[in-house]
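2 protein chains.
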Amino acid sequence: MAEKYLQIRLKNRPGSGSDDFWTITNDKPCALEDHQILLKMHYISLDPGMKGWMSDKKSYMPPVNLTDVMRAFGVGEVIDSRSDQFKIGQFVTGFTGAQSHAVVDARGFLRPIDPDAAPLSHYMGGLGMTGFTGYFGMTDIGRPKTGETVVVSAAAGAVGSIACQVANLSGARVVGIAGGEKKCNLLIEEFGLDAAIDYKKGPIDEALKEACPDGIDVYFDNVGGDILDAALMQMNRLARIVLCGGVSQYDDWHKAVGPANYMQIVTQSLTMRGFTMMDYSAQIPEGSAQLAQWQREGKVKFLEHIVDGLENFPAAFDTLFNGGNTGKMIIRL
Amino acid sequence: MAEKYLQIRLKNRPGSGSDDFWTITNDKPCALEDHQILLKMHYISLDPGMKGWMSDKKSYMPPVNLTDVMRAFGVGEVIDSRSDQFKIGQFVTGFTGAQSHAVVDARGFLRPIDPDAAPLSHYMGGLGMTGFTGYFGMTDIGRPKTGETVVVSAAAGAVGSIACQVANLSGARVVGIAGGEKKCNLLIEEFGLDAAIDYKKGPIDEALKEACPDGIDVYFDNVGGDILDAALMQMNRLARIVLCGGVSQYDDWHKAVGPANYMQIVTQSLTMRGFTMMDYSAQIPEGSAQLAQWQREGKVKFLEHIVDGLENFPAAFDTLFNGGNTGKMIIRL
Numbered sequence: 002m003a004e005k006y007l008q009i010r011l012k013n014r015p016g017s018g019s020d021d022f023w024t025i026t027n028d029k030p031c032a033l034e035d036h037q038i039l040l041k042m043h044y045i046s047l048d049p050g051m052k053g054w055m056s057d058k059k060s061y062m063p064p065v066n067l068t069d070v071m072r073a074f075g076v077g078e079v080i081d082s083r084s085d086q087f088k089i090g091q092f093v094t095g096f097t098g099a100q101s102h103a104v105v106d107a108r109g110f111l112r113p114i115d116p117d118a119a120p121l122s123h124y125m126g127g128l129g130m131t132g133f134t135g136y137f138g139m140t141d142i143g144r145p146k147t148g149e150t151v152v153v154s155a156a157a158g159a160v161g162s163i164a165c166q167v168a169n170l171s172g173a174r175v176v177g178i179a180g181g182e183k184k185c186n187l188l189i190e191e192f193g194l195d196a197a198i199d200y201k202k203g204p205i206d207e208a209l210k211e212a213c214p215d216g217i218d219v220y221f222d223n224v225g226g227d228i229l230d231a232a233l234m235q236m237n238r239l240a241r242i243v244l245c246g247g248v249s250q251y252d253d254w255h256k257a258v259g260p261a262n263y264m265q266i267v268t269q270s271l272t273m274r275g276f277t278m279m280d281y282s283a284q285i286p287e288g289s290a291q292l293a294q295w296q297r298e299g300k301v302k303f304l305e306h307i308v309d310g311l312e313n314f315p316a317a318f319d320t321l322f323n324g325g326n327t328g329k330m331i332i333r334l
Numbered sequence: 002m003a004e005k006y007l008q009i010r011l012k013n014r015p016g017s018g019s020d021d022f023w024t025i026t027n028d029k030p031c032a033l034e035d036h037q038i039l040l041k042m043h044y045i046s047l048d049p050g051m052k053g054w055m056s057d058k059k060s061y062m063p064p065v066n067l068t069d070v071m072r073a074f075g076v077g078e079v080i081d082s083r084s085d086q087f088k089i090g091q092f093v094t095g096f097t098g099a100q101s102h103a104v105v106d107a108r109g110f111l112r113p114i115d116p117d118a119a120p121l122s123h124y125m126g127g128l129g130m131t132g133f134t135g136y137f138g139m140t141d142i143g144r145p146k147t148g149e150t151v152v153v154s155a156a157a158g159a160v161g162s163i164a165c166q167v168a169n170l171s172g173a174r175v176v177g178i179a180g181g182e183k184k185c186n187l188l189i190e191e192f193g194l195d196a197a198i199d200y201k202k203g204p205i206d207e208a209l210k211e212a213c214p215d216g217i218d219v220y221f222d223n224v225g226g227d228i229l230d231a232a233l234m235q236m237n238r239l240a241r242i243v244l245c246g247g248v249s250q251y252d253d254w255h256k257a258v259g260p261a262n263y264m265q266i267v268t269q270s271l272t273m274r275g276f277t278m279m280d281y282s283a284q285i286p287e288g289s290a291q292l293a294q295w296q297r298e299g300k301v302k303f304l305e306h307i308v309d310g311l312e313n314f315p316a317a318f319d320t321l322f323n324g325g326n327t328g329k330m331i332i333r334l
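Residue numbers (this note's numbering), protein chains in the order written: chain A, 2 to 334; chain B, 2 to 334.
Chain A extracted, bound-state conformation:
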């Protein structure tokens, strides 16, 4: 069977009410130019933050242009190279785009990975951007201490699952918020958290009060909306909010709703700090080594939700926003 060249391209901006993506069958890429490499993709990462890249609202990266290949992290194997940096047969990760084959400038944001050190899919999750995001957000901004109470939203998600497990190693009381009994059981049984809140089960305010009798010292937020508002009301004086994302608001950034209770930041003298992985790019080797070690020791688990076939990218993307995934959503090609 002939090789298929597939690409996922941006069709509409979020909030259009229509399809987000086109799936395109392409011809074989043209011959490489100097410094370019050709990658055969093995894994493509799906992340809620992609909605930000799809929006034309000012962000930390330029928006993806309509009709362009969707920006995505991926793991690929070098099958052709006109670069001194990468040889055929090597594996790399970075911004490869959502496509079956990628022609990439080797001088860009790419790093070589060792396929024998860990399963390749881990470089999309626990040893990838989402793992580092959970790790640095919790260790550098949250900085939980023994005896403190940490709350993590979307705790069964790609970033949250790392953030809550890292917090758990600090000796703090860790409470995870997730949707559904299955995910909550996982937080307790697999991750060893102190409590889990099923936000679908009842009022989040009451559940947070009950799970955090001493208030909240660190809140790691991935969701925004009602859960952020509820957490704000339980924050202790001088507590920290690690602002990682706001998945409840990603549908249309132009219609986003801010946290109504944000005045608690004043009255409780809170610090709310946002970040992206760009802030920590120099420390990736350190974070990667630490997470890999904890995973080998069984202290941190990498959960992956793998979907086969690039043609399933649009449906898998939607799953990210309806709570259908547990752990890191990854497309396997």
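Read the hints as simulated data drawn from the structure, not as lab findings. Incorrect hints may appear among the rest.
The list makes no distinction among identical chains, and a pair is therefore deemed to hold if it is satisfied within one copy or across any two copies.
To be verified - EDC-like mimics (lysine to aspartate or glutamate), calculated; alpha carbons at most 16 Å apart, straight line:
hint	residue 1	residue 2
1	K210	D195
2	K59	D206
3	K58	D230
4	K88	D106
5	K5	E312
6	K59	D230
7	K58	D206
8	K88	D35
9	K146	D215
Starting from the known structure of chain A, arrange chain B on it as the hints suggest.
Frame of chain A; chain B shown alone:
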């Protein structure tokens, strides 16, 4: 004429649609108990943050009970004392309540002041809580550096006027936001700011872009609402937001609207830190000495908006929320 004993008491919580306060004529206070002093009040402070004390929403202080004397800072003269700490004839400032005469426990939050060192009214403004709030918020949280751009909202108000003048001494470019041409002229001519924006004149987004061609590094926010949202869109990467208040949201804290653009905190890696003067109570002597020195040297000006008569407290309070005051609103008795 016999001495009048007046009190302003809380009638309704904010958002009731009815009057906030009762003005009550009282009998002479009873004889003092041990540790109590009797103050004849000279000045009462009016502050937007009082709306927070009037609300029953969780805050940094317990809400004022309905029918109680309204909590307020004041300057009073000791006219009777059963305390070893304060003698008749001394002047003190602290939480005295909005009343013509106050019976206060001398062991509470009171500090003696020197009526010869500065006009008494200054202890309600530049040398009072609002002065310290502007000073510590800017020096400890904002920390502007030469070459950076600082924006201060409500810059002609009690806190903002101190914050923007303190920023101006750092060598940063300072832009003040205020309502009306008169206040904007004051920001440029009296305070020497680099630019002033009249938020009533046109779209705040455009005006901010124009006044801050290099983006914003420090935003000191007193107002929330549209102005905070507009500032969020102009913040530079790793910039700081000093969250001091949100006067546009004080009318009813139960219906407050959060900053819709708060996701910029993530995408630009911003730090938003809130505070109240409680955080700096140990450093008041330092802040007070510095502000007094700057004022003597003409580097910082204390603007006061003085209204005569406690019976004008309710009307003066409303003025705080319709932009009618320039500088610190103070009742003189």
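Quiz item: For the identical chains here, do K210 and D195 meet the 16 Å Cα criterion within one copy, between copies, both, or neither?
Solution: within (14 Å within a copy, 47 Å between copies)
Practice problem: Go through the copies and call it for K88 and D106: within, between, both or neither, with a Cα cutoff of 16 Å. | Solution: Result: close within a single copy only, 13 Å intra versus 80 Å inter.
Quiz item: Is it within, between, both or neither when you check K58 against D206 at 16 Å Cα-Cα?
Solution: This pair counts as between: shortest inter-copy Cα distance 14 Å, intra-copy 31 Å.
Quiz item: Taking 16 Å as the upper bound on the Cα-Cα distance, should K59 and D206 be classified as within, between, both, or neither?
Solution: between (32 Å within a copy, 13 Å between copies)
Quiz item: Is it within a copy, between copies, both, or neither that the alpha carbon of K88 lies no farther than 16 Å from that of D35?
Solution: This pair counts as within: shortest intra-copy Cα distance 14 Å, inter-copy 87 Å.
Quiz item: Taking 16 Å as the upper bound on the Cα-Cα distance, should K146 and D215 be classified as within, between, both, or neither?
Solution: within (14 Å within a copy, 38 Å between copies)
Quiz item: How would you label the pair K58, D230 (within, between, both, or neither) given a Cα cut-off of 16 Å?
Solution: between (23 Å within a copy, 13 Å between copies)
Quiz item: For the identical chains here, do K5 and E312 meet the 16 Å Cα criterion within one copy, between copies, both, or neither?
Solution: So K5 and E312 pass the 16 Å test inside one copy only (11 Å; across, 83 Å).
Practice problem: First find the shortest C-alpha distance between K59 and D230 inside one copy, then the shortest across copies, and answer within, between, both or neither for a cut-off of 16 Å. | Solution: between (24 Å within a copy, 13 Å between copies)
In terms of the numbered hints stated before, the structure departs from none.
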